[in-house]
Every structure is written in C-alpha cells, then in structure tokens.
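Engineer: Listed here are the chains, written in short residue letters.
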Amino acid sequence: MSELLLHLFYVTLDTITDVFPIVAIIFGFQFLVIRKPVPNLRKVIIGFIYVLVGLAFFLVGLEEALFPLGELMAQQLTEPDFIYGIGKVADVVQWQDYKWVYLFAIAIGFSTTIAEPSLLAVAIKANEVSAGVIGINGLRIAVAIGVAVGIGLGTLRIVTGTPLEYYIIAGYIIVIIQTFYAPKMIIALAYDSGGVTTSTVTVPLVTALGLGLATTIPGRSAVLDGFGLIAFASLCPIISVMAYAQLSEWRNRNKNKEQLEG
Amino acid sequence: MKQHVNQIFRSLWNSARDLLPVILVIAFFQIFVLQKPIPNMGQLFVGTLLVVIGLNLFIKGLETGLFPIGENMAYAFARKGSVFWLMAFAFSLGFGTTIAEPALIAVADKAAEVAAIGGVIENTEPARSSYASGLRLTVAFSVGLAIVVGVLRILKGWPIHYLIIAGYAGVVVMTFFAPKEIIGIAYDSGGVTTSTITVPLVTALGVGLASSIKGRNPMLDGFGLIAFASLTPIIFVMGYGMLI
Numbered sequence: 001m002s003e004l005l006l007h008l009f010y011v012t013l014d015t016i017t018d019v020f021p022i023v024a025i026i027f028g029f030q031f032l033v034i035r036k037p038v039p040n041l042r043k044v045i046i047g048f049i050y051v052l053v054g055l056a057f058f059l060v061g062l063e064e065a066l067f068p069l070g071e072l073m074a075q076q077l078t079e080p081d082f083i084y085g086i087g088k089v090a091d092v093v094q095w096q097d098y099k100w101v102y103l104f105a106i107a108i109g110f111s112t113t114i115a116e117p118s119l120l121a122v123a124i125k126a127n128e129v130s131a132g133v134i135g136i137n138g139l140r141i142a143v144a145i146g147v148a149v150g151i152g153l154g155t156l157r158i159v160t161g162t163p164l165e166y167y168i169i170a171g172y173i174i175v176i177i178q179t180f181y182a183p184k185m186i187i188a189l190a191y192d193s194g195g196v197t198t199s200t201v202t203v204p205l206v207t208a209l210g211l212g213l214a215t216t217i218p219g220r221s222a223v224l225d226g227f228g229l230i231a232f233a234s235l236c237p238i239i240s241v242m243a244y245a246q247l248s249e250w251r252n253r254n255k256n257k258e259q260l261e262g
Numbered sequence: 001m002k003q004h005v006n007q008i009f010r011s012l013w014n015s016a017r018d019l020l021p022v023i024l025v026i027a028f029f030q031i032f033v034l035q036k037p038i039p040n041m042g043q044l045f046v047g048t049l050l051v052v053i054g055l056n057l058f059i060k061g062l063e064t065g066l067f068p069i070g071e072n073m074a075y076a077f078a079r080k081g082s083v084f085w086l087m088a089f090a091f092s093l094g095f096g097t098t099i100a101e102p103a104l105i106a107v108a109d110k111a112a113e114v115a116a117i118g119g120v121i122e123n124t125e126p127a128r129s130s131y132a133s134g135l136r137l138t139v140a141f142s143v144g145l146a147i148v149v150g151v152l153r154i155l156k157g158w159p160i161h162y163l164i165i166a167g168y169a170g171v172v173v174m175t176f177f178a179p180k181e182i183i184g185i186a187y188d189s190g191g192v193t194t195s196t197i198t199v200p201l202v203t204a205l206g207v208g209l210a211s212s213i214k215g216r217n218p219m220l221d222g223f224g225l226i227a228f229a230s231l232t233p234i235i236f237v238m239g240y241g242m243l244i
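Taken in sequence, the protein lines are chains A and B. Residue 1 is where the first sequence starts when you use the working numbering, and the numbers rise one by one after that. Residue 1 is where the second sequence starts when you use the working numbering, and the numbers rise one by one after that.
Don't take each hint at face value.
As the list claims (entries may be wrong) - Chain B residues, not near chain A, derived (Cβ > 10 Å throughout): (1) I8; (2) R10; (3) I213.
What the hints assert, rightly or not - Just some of the chain A residues that point at chain B, by a computed CB distance under 7 Å: (4) G54; (5) S111; (6) P117; (7) E165; (8) G195.
It is worth saying that the hints were derived from the structure and are not from the lab. Note that the coordinates shown come from a computational prediction; the quantities given were computed from them, not determined experimentally. Every residue gets a Cβ at the ideal spot worked out from N, C-alpha and C, and that includes glycine.
From just these sequences and the hints, can you work out the full model?
Structural biologist: Encoded structure:
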C-alpha cells in the first residue's frame, strides 16, 4: 500500500514537471501581456490542481491495472506458439493466421478510445458549441469506430508487410473526397478528432501490440515495421466522424421527405 | 448533502462506464482466447478504482480550470487587438507544450535508434542524443507554427480544408523524397504531439477566439487547431530526416 502511495506521489511530481511549461506560458502572458486579473483565479487554480491530481491517479491506475495485462496480452497473442500451436514454425506468413490479433486490435482500439480523456474534453466542448446537436457519446463512438478500424488495418499492414504510405495516401484521398460532401459544420471537428484520439490510454497499448507483432513475424524489424499504428489511428477517425455526420444528415433528409410525402 | 453525494456517485458511475469496455475486452481475451486466469485481481481492482477517480477529477478540473482560462485568454487577446502578441502566445503554447511532451521524448529516442541502425548517424550515445533533441526541437517548432497558422486562419476566416489539403500534399511530396526509415516515425509523430492537457486548452482557445471575433462561427472556425498540430510534425520530421 505504501508503495502505491509513493508511486502516486512520484507520478504527481512528474505530471507537475510536464505541466509546468504550460502554466508558465499561460500565467506569463496573463501577467506580462494581458495585465488584467484572471476572473475567478482561485477557482482556476483549484481546477488546475484537480487536473494534475486526476491525471496522476489516472496514470498510476493504468500502470497498476491495465497496462501490464494489456501489454502481456499483446505479446502472448502475437507469439508463434499461440498462432501456429506450440513448437511449430511457419515458413510463410499467412495473414489469415492472425485473426485473433486483428480482433484484439479492433477491440482494444475501440475500448481505449472510449476511455481517452482528451477525446472526452473535445466532445464536451463540441456538444456545448453545437448547442447539443453533436452528442457527446455519438461523437466518441464515431471516433472509436475509426480508431478500431485504423488499428485493425494497421496490424494487417504489419503482418502483410505492405508499405505504410500507400494506406495513408489512400486515406488522404478519401478524406479529401468526403470533405466536399460532408456537412460544413462537422469538417473542422472531424479533422481535429484525428489528433485527439491517441494519447494517454491508446498509445502505450497500441505500441506494445505493434512492437510485439513486428518482432515475432519473420522478416519484419521492430524498429522499422513497429511504427505506423498511431498514424492509422489518427487518420481513420477523420473518415468515420465525417461519415457519421453524412449518415445523420442523410437520415434526416429521408425523414423530412417521408413527412412531406406522407 | 444527500444531493451532493448522489451527484458524486453519478459522475463516478459515468467514468466507470467509460472504462468498462477496456476491462471487458481484456477479460474476454484473457479468459476465452488465451485461456489463462486473470492475475492479481486485487491490484487490478485498486488500479481500476484509481483510474475512475482520476478521470473524474480530470473532468472536474477541465470545467473549472482549463476551459475557462483558455477561453478567457482568447477573449482578452481579442479585446486587446494585438495580433503580434496573440501570435507570440500561440507559438509559445504550441512550442512549450510539445517540447516537454513525454510521448514525443519516447518517439525521438526511438527515431535516433532507427537512424543509428540505418547508418545515418554514428551509433554512439552522444550522436543519438543530439539527433533525438534536434528532432524534438523540430517537432516543437512545427507545432508552434501550426498553432500560429491555425489562429491566423480563425482571424482571417480561411476555410480549413484548403489548408489541410495543402498539408496533405506536403506530406505526400515529402514521402517520396524522405529516407525510408523515417517515414513510419514521421507519420506516427503527428498523433503523439497533442497531449491530454494541450488538447482542452487549445480547443478552448480556438472556440473562444471564434466566438469573440465578429463574423466567425465557433463550430465552423473554432475547431481545427489540433488538426494543424497533428499535420505539421509529419512534414517537419521527414524534412529533418532528409537534412541529416
């Protein structure tokens, strides 16, 4: 127990060092350039303390509970003993053999995104700004589906060994085409959702999965092929969020048409 | 009092619900696919409890601290009317939050390792660490620049997709010229630069600016800063790989 408390204390200190530059910039500009008192300064400071302590608890909890098990799992699922049966070695890598890996990638991509705090922050803001038109959970689920598909495709790419840039360029083309058809109001938010999905929860688990795969598959190198999953996870949500908006617009239009005709 | 306690329980329950999918996924794979028992149930329970409490405190702090300060500063800069200071603030915010980002430090070290194996730099400790810190500076600079361009876009009301498409074109062009080893890291670096504290602050800044400038719509113009911050590092990291 005391070990846990000590760990919490150290992580809180780490978080403070991470946040220090941000606080210095904000208050530096506030006092030297804006030169006006901060409204509700006390409340803001308490809010910062909440954020710091909250993040520290969050990180320690993840390190205690989910990361060790999740990383171990990523490693075990990619082991040749699990995939081909104990003691067997495959001469040729068959992409179908890794079906549990893809399923794990999809499931872990979806579920860690739902728990991601920065996505929640953006969803709260988008809900507020759009006066409730964009649902907090609707946006989060749309993003999570994007990440799930992205990580799934990313693992498939590592197994097959196809070049990363083909997938990414294809993704860019889809994004550009969608941009011209999607409702205007969603576009900036959709672009943003690519960057917010991958932080505290997703990155460590996904990195473990990528490295595990790249080290165990013959002919792949961990340093060269282990990367790229995060890139998929930040591209696919853009597509899925725009698709979500297009779908809801399309459904509304159909409903209106039915009402007009009926 | 009773109402207060109820409220705390409700928000704790909400966070627990957010975490439920991860727990279910891990339990399912452990028990049914790998067919192993779940180790350290006690530790797992304590850890999950900490995550739930932490998520709750974070959201509370977001609403009382990060969102209001971000928006207040946006209003104050809009009222002050000095574009120069607003740009200086935008750059410092992007640069300052990125240079200390732990995920970026990890990626930069990995990149140095790749470069050393690929023979781009000498495989010695000082060569690797100077490569890694050069890369961190490059990425931090690119994020600072991204926030500046993003804020400028909000001020001028430029449509976001032209800038993003230009960025994509930049990425594609750079991909053809950049050394093969750097491409994976460059693409990933776009996703890791925006941390849990930067995202709410930058979002509040953008939305605050768009709502305080006449003729801007916070929904159309307020978002998009994060998008720039995740695009420019890709281009700059590939550029760094080409130069060194």
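Engineer: Taking the earlier hints as the rules, which of them does this structure contradict?
Structural biologist: none
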